[in-house]
Amino acid sequence: MAEIQSYFPDLMKEVKEFQRLAEAENPELLFLWSELGQVLDNQFIDRATKTGVARRERMLRITPKATDTLEERKFRLLARYNENLPYTLRTLHSQLSILCGEKGYRLEINYGAFTLKSKLELTNKKNVEAVGEMLERIVPMNMLLTVELMYNQHQLLRQFTHEAMKAYNHVGLREEALGNG
2 MAEIQSYFPD LMKEVKEFQR LAEAENPELL FLWSELGQVL DNQFIDRATK TGVARRERML
62 RITPKATDTL EERKFRLLAR YNENLPYTLR TLHSQLSILC GEKGYRLEIN YGAFTLKSKL
122 ELTNKKNVEA VGEMLERIVP MNMLLTVELM YNQHQLLRQF THEAMKAYNH VGLREEALGN
182 G
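Numbering-wise (this note's numbering), the sequence shown opens with residue 2 and increments by one.
Possibly wrong hints are sitting among the right ones.
[Unchecked claim] Lysine-lysine pairs mimicking DSS-like chemistry, simulated, CA-CA at most 27 Å apart:
1. K66 / K51
2. K51 / K127
3. K104 / K120
4. K104 / K127
5. K66 / K118
6. K17 / K66
7. K120 / K66
8. K66 / K127
9. K75 / K104
10. K75 / K120
[Claimed, not checked] Quick list of the computed label-pair ranges, beta carbon to beta carbon:
11. K126 / E4: 48 to 56 Å
12. E134 / R91: 17 to 25 Å
13. E164 / G102: 26 to 34 Å
14. L146 / E4: 53 to 61 Å
15. A67 / L108: 29 to 37 Å
16. L33 / L108: 43 to 51 Å
17. R59 / E15: 50 to 58 Å
18. L108 / L71: 27 to 35 Å
19. W34 / K104: 40 to 48 Å
20. E18 / L79: 50 to 58 Å
21. W34 / Y112: 55 to 63 Å
22. T50 / L108: 32 to 40 Å
23. T70 / E4: 33 to 41 Å
FYI, nobody ran anything at the bench for these hints, they're computed from the structure.
By construction, the Cβ of each residue, glycine as well, lies at the ideal position given by its N, Cα and C atoms.
Just need the whole structure built from these sequences, with the hints factored in.
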């Protein structure tokens, strides 16, 4: 924002009282503009600050964990806003694709045994609980729901040399998202 003096007529710019008045008001106006920018940012989840996220969490009755990062809290909000009726398999796939990525999950449905198993990629490890909560609200109550991580398997690890895998222990090789060898 330009200083308030730039809006004064030329005659007023030279009056000392108006110069002092502008010096006193400029910090207040700059603060006001920054607060207005923050209010605008809080209208969008992706750009929201902690204040905006906390406000939406109160509205949706979501209790954040003390260990949650701002990104995890935003993810939980997006998960809640993406829920809409009717819940079809296509809608479920669409919501999981939005939250976890196109290839970030796998669904296994056994209609005869009334089970649904959702497996998430290791890159979505921090969001397992949020996805589980969303699925509990969406999946019919007569289905047994399981949410798991897709751990690294031999097919993925065989592209790495022993030298590259030496940096990890057995738990790390199984449970960490690994880059391409």
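Hint-by-hint comparison with the structure:
With a CA separation close to 13 Å, the supplied pair K66 and K51 stays within the 27 Å bound. Taking the CA atoms of K51 and K127, the gap is about 19 Å. The hint holds against a cut of 27 Å. In summary, the hint linking K104 to K120 is supported, as the alpha carbons are separated by about 11 Å, within the 27 Å threshold. Of the pairs offered as hints, the one joining K104 and K127 holds, with about 17 Å between alpha carbons and a cut-off of 27 Å not exceeded.
With a CA separation close to 25 Å, the supplied pair K66 and K118 stays within the 27 Å bound. With a CA separation close to 54 Å, the supplied pair K17 and K66 exceeds the 27 Å bound. For the given pair, K120 sits about 23 Å from K66 by alpha-carbon distance, which is consistent with the 27 Å threshold. Restraint check for K66 and K127: the C-alpha separation of about 12 Å stays at or below 27 Å, so the hint holds.
Using a Cα cut-off of 27 Å, the hinted pair K75 and K104 holds, with the two alpha carbons roughly 21 Å apart. Our distance criterion of 27 Å between C-alpha atoms is met by K75 and K120, whose separation comes to about 22 Å. A hinted range of 48 to 56 Å for the beta carbons of K126 and E4 is consistent with their spacing of about 49 Å. In this structure the hint that E134 and R91 lie 17 to 25 Å apart at CB holds, the actual value being about 21 Å.
Between E164 and G102, the C-beta spacing of about 30 Å keeps the proposed range 26 to 34 Å intact. At roughly 59 Å, the beta-carbon separation of L146 and E4 lies within the given 53 to 61 Å, and the hint holds. At roughly 31 Å, the beta-carbon separation of A67 and L108 lies within the given 29 to 37 Å, and the hint holds. The beta-carbon spacing between L33 and L108, approximately 49 Å, falls within the hinted interval of 43 to 51 Å.
Taking 50 to 58 Å as the suggested C-beta distance range, the pair R59 and E15 conforms, at roughly 51 Å. Restraint check, L108 to L71: a C-beta distance of roughly 29 Å satisfies the suggested window 27 to 35 Å. Take W34 and K104: their Cβ atoms lie about 43 Å apart, and the range 40 to 48 Å holds. A hinted range of 50 to 58 Å for the beta carbons of E18 and L79 is consistent with their spacing of about 52 Å.
In this structure, W34 and Y112 meet the distance hint of 55 to 63 Å, their C-beta atoms being roughly 57 Å apart. Between T50 and L108 the Cβ separation comes to about 35 Å, which falls inside the hinted range of 32 to 40 Å. Our hint of 33 to 41 Å for T70 and E4 holds, since their Cβ atoms are close to 38 Å apart.
Going through the hint list in order, the structure does not satisfy hint 6, though it satisfies all others.
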